[in-house]
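Enquirer: Next come the chains, spelled out residue by residue.
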Amino acid sequence: MSEQMSPERMSPETQTTFPRHVRHGSNSGQPVSRRDGRLKVTGAATYAADNHPEGLLHAVIATSTIARGRVRSLDVEAAKAHPGVVEVITPANRMPLHHDPNEKMPPFGFRVEVLQDDTVRYVNQPIAVVVAETLEAATEGVRLLAPRYEEEDARTGLDNGLRHEAQSVGVGAPGTVSFGDLDAGLKGAARVTEGDYSTPPQYHNAMEPHAVVAEWDGDTVTIDMPNQALRMSAASYAAYFGIPAENVLIRSPFLGGGFGSKAILNGPQILGILAARQLGRPVKLVLTRAQMYGPVGHRGRTWQKLRLGTGDDGKLTALHHHSIGATSSFDDFVEPAANASLMLYESPAIRVEHEGLRLDIGTPGPMRAPGEASGSASLEIAMDEAAEACGMDPLAFRLANYAETQPGTGKPFSSKALRECYEQGAAAFGWAGRPLEAGTMRDENGFLVGWGMGTAVFPCPQFPAEARATLRADGTALVETGGADMGQGAWTALAQLAAESLGLDLDKVEFHSGRSDLPDGGVAGGSGHTASAGQALSNAGGDVIARLTELATGDPDSPLFGAGNIGVVAAEGRLHRRDDETRSQSYADILARAGQKELVGTGKSGRDPASAEAFAMHSHGAVFAEVKIDPNLMQVRVSRLVGAFAAGRIINPKLVRSQYYGGMIWGISFALQEEAVADRRTGRIMNADLAEYHVPVNADVPRMEAILVPEEDPRVSPLGIKGVGEIGVTGTVGAIANAVWHATGIRVRNYPIRIEDLLRRR
Amino acid sequence: MKPFDYIRPATLAEAVTEAARPGSAYLAGGTNMLDLMKVGAAAPERLVDITRLPGLDAVEWLPDGGVRIGALVRNSDLAYDARFAASFPMVAEALLSGASAQLRNAATVGGNLMQRTRCAYFQDPASACNRRESGSGCDARDGENRMHAVLGFTEHCIAVHASDFCVPLVALGAEVEVESSDGKRTIPIDELHLLPGDTPQMETALRRGELITGVKLPAGAAAFSGHARYLKLRERTSYAFAVVSAAAALQIEDGRIAEARIALGGVAAKPWRAAEAEASLVGIEPSQPAFARAGEIALASAHPSGANAFKIELARRIVTRVLTRALEGTPERMPALPGSPFAARPDKTSGVAHV
Amino acid sequence: MSLSISLAINGRQHDVALNDPRVTLLDLLRERLDLPGTKKGCDRGQCGACTVLVDGRRINSCLALAASMDGAEITTIEGLAEGDELHPVQAAFIEHDAFQCGYCTPGQIMSAVGLIKEGMAGDDPERVRELMSGNICRCGAYQGITEAVLEAGRKAAENAQPQTGNPDTGKDAA
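Protein chains in written order, with this note's numbering: chain C, 452 to 1213; chain L, 7 to 361; chain F, 493 to 666.
Rather than coming from a laboratory, the hints here were simulated on the basis of the structure. Possibly wrong hints are sitting among the right ones.
Below, computed lysine to aspartate or glutamate pairings styled on DMTMM-like, alpha-carbon distance capped at 20 angstroms [to be verified]: (1) L:Lys8 / C:Asp670; (2) L:Lys44 / C:Glu584; (3) F:Lys609 / L:Asp87; (4) L:Lys8 / C:Glu584.
So here's chain C without its partners, still in its complex pose:
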């Protein structure tokens, strides 16, 4: 391939200049570079496992190699005899906990394995912890345990797992939703297309393995760990150890990626904290890469069936999406895959259904776009197949089925610039020249070329969050919220929002985050952190400005005296009369005159219930993919990806574009690479590493473009922020699969698409 494009041409948007101070006196809306950038490029950013308190012990967990049964014996003596080993913690000597780990911990806690007994429920379940003076000794201690098992047959697939109706899927969504008369819709259809699709188990594989460094002081504990939900976790850990929540301090300034796997409590991290308590010394416990395939969640495998009825006009008459989702034998998280069909396309009849399949695996959990990714991966192929059956261009077909209101309910959308996404994405990609027929394009090297598209969609939740803003005598501010930056750029975007609300330049704002003793920043999940913690920060800043305004307008010597009714504008560290901006006073001056050292404001966020009831709220997008395929060897390479996304207000286009790129690369990964391959007999994952469990490398990602489609939405929240972290995955997966079809004429309905799937003759 010879896309010798200059990097400038690879992403023209970065060259766009944004007007400074879009809103009063801040950098909000500007593509500012990451505030934590210097720390991250110098190695000074501290991740959990980088901590090394005095007297530290190293803990390594022993994990099971069987999927189901009991641990019959462990050679604890041999492990303890190894030089440096301090203790071996097993169910026999593990200190008691104050919460039964077989019971869920509300609100989002799963059942966890923390050596409560000798039962083994999945491969890589913790069965012991070896604690030693050095990492090397603890690691060898684990090997020396040489566990023996009483093994039962592992349930590893559709043929031996227990199928059951899923009452609820994902995090509390209903398992079955039905609108209209599906049978009538199918019967009345000019044609019905249907297919069976499957998605494999996938593992988050954040680059940073789950880690914990715990140090107890009496009944209080300081925990360094990557964590996407600080306050909630602190309360949960407190419950496990029977101490007040305020006795738990979690420090999580930087997460080395999360993708959902660091939002929910897991056994190994509890065990690290427990080991520190039991031994009375600080303990570091870090999972090995292999151990991340089991106890810390994954994207559950699905088997899906889609039936689409279409009329002569190319409009859907019926949409039926059924999904079986694998879950564990002891807990429930069924991938809400079919629910993707409730968000996008208009149809008089829609039915989505889920079943669960109990297997001897670790409990799945939310992984970047849970449900939306797996569901849209199938739905977008199904839409392409229906378009093909109708003889329509895939984009024209999607436009013909464009949902003007929420499918089924008829609720209006709070905003929906999807049409603009289609237009701008298609134009940038050059979609208009696409031949309808598959297998007709070649490049200059004779490679098969295919173009495919998919629609991207993701809900935009707003979670409860709190923040505090303190204006100081010198006119600078400290803003605080216990948020989490797992790479999305919270350190920067949240600070930008706070600065905006305070009418300060970004460099005048000190931002504290990543600790559980700060105001509750809520959950960094559901692509809702900026919308949630950002709104709280903005409100806190607004609170400060309101108090400041009161001081100034009530001060007879202030140029703002009596302007209370007219209003003031906060900008660049000064309050200005709204009707006469030349009359202004600096914050420092206002505080000094009032004799105040500082002014503290607080803010909260949460979705307006009336708005939530009245409107359907989603981010939208359209992704266009080009693949090149060797005509004989059938190796696939994604040669171009263009995504256009509308996600409400954009706080920092530089960071947002990175989020879209990242999501789209996950789409490449889902479509062509990722699959945890478990041995059908033992349930052991035979590629539990990063050499054979493939995720994209740099050479897999030649050219991408992310278009930020403007969208204003005052209904989702006062700030109008939707969310950008996950939507990039959706749409992209199907776009690539459809491009592969377009290149080859072969419809592969099982992910990932592999070379052997394409070797069969058309």
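Please arrange chains L and F on chain C, whose structure you already have, making use of the hints.
Expert: What follows is chains L and F alone, placed relative to chain C:
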């Protein structure tokens, strides 16, 4: 990791003496050995670090035009040695298609030859593996085996050899120099790696304590330099082991193939020389049908060892394709994506044509 | 067994009494010499997060025995900037948003520094992508990484040789 003694001998004589003791293993780049020790698939009692042995890190040109590569020459240094790459381009291309830049900087020539299989069951001490533990069985046989062997396997072992480097070396008839306290000898590389038979634990022809000191490429091997390519199918564009790979080299005289060399990787427990396929090409005019026939011949004795029948078809096709590439001529500059099907010819420009 | 090794890290001499030959270079840096900037992502040479320069060449420090590094000169992410002045690769990474979570970043940057030294990529984005493929970024910051490496490579080609700091000495027990 099991405790071990670490020894860093100063001389070759000392090294081979130390390594002759039971439980010893050599340590060079460490990229494979340490990995295996971490997962528990290797547990030497004594590591003999040979990285400081003198005289093993040079690429020496022999008077007859052949070359002797010291066993401690790093993979990257060899691949980027301009004279070497010009003389043996498919060896350089194979080296650069393997692993990552970091691993190539550490891994040595000798270590590459000695790397062990990637079979997941070999690497997993909880699984039965005759190669790792003689007589324990082979869990790969009925396991997840889509990447396993299609040639030369037995019921005792279906693992494949993972090296890229060794594939063109076998095609070019390299010789491996080894040394022990009993003296020196030379082993043709095609005889270095053993097929499993009923003794899969015997992986190479090396005797206990024997150390690879160098690899020799004969002068004649450079005669292929104008038409020599390596091609490697992967499940991602880079940093992945081969699904299948192939090296092909041709000498064209008066429009006819005077000599041909073909070897396959990722198909057997050793790099697989396809001598009959080579012979089928000699003396004929190069053509697609002839190349396709060579592919058929190369895989004539292949059969699936599990869910991997597709590899046979792929291997046939890769032979055809790599021969086609070799015929087109060695590119003047190493392609940006060495070994990749997407290593397009540099003279082509971008664009999409509708046919 | 105890081993005495001596190595220069970021220009500073370390004499280390190593009480365990199993210690890798990565764990030596992180757990024994208080240099946790180098990251562990897989511990098996499969991700590149632990990339450091040994005698000027990029390698995976997780697959190198510390004992084997006796006499080596090592550069880690902590040794790249000159005081407050970032190395051009570091600055380019910030400018091009070449990271998100930052965990793979020290390895990416050390790998990029090694790549530029090797001089095999020139200004060809495809060569940069291929030669940076030993560093996995799960967040997917590859486009920024490629742009940053190209820019830093161009600057390195324009500028003179980078200088190294003055070595001082220190003793460490590990």
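Enquirer: Provide an ascending list of the numbers of those earlier hints which the structure does not satisfy.
Expert: The structure conflicts with hint 1 only, although it agrees with all the remaining ones.
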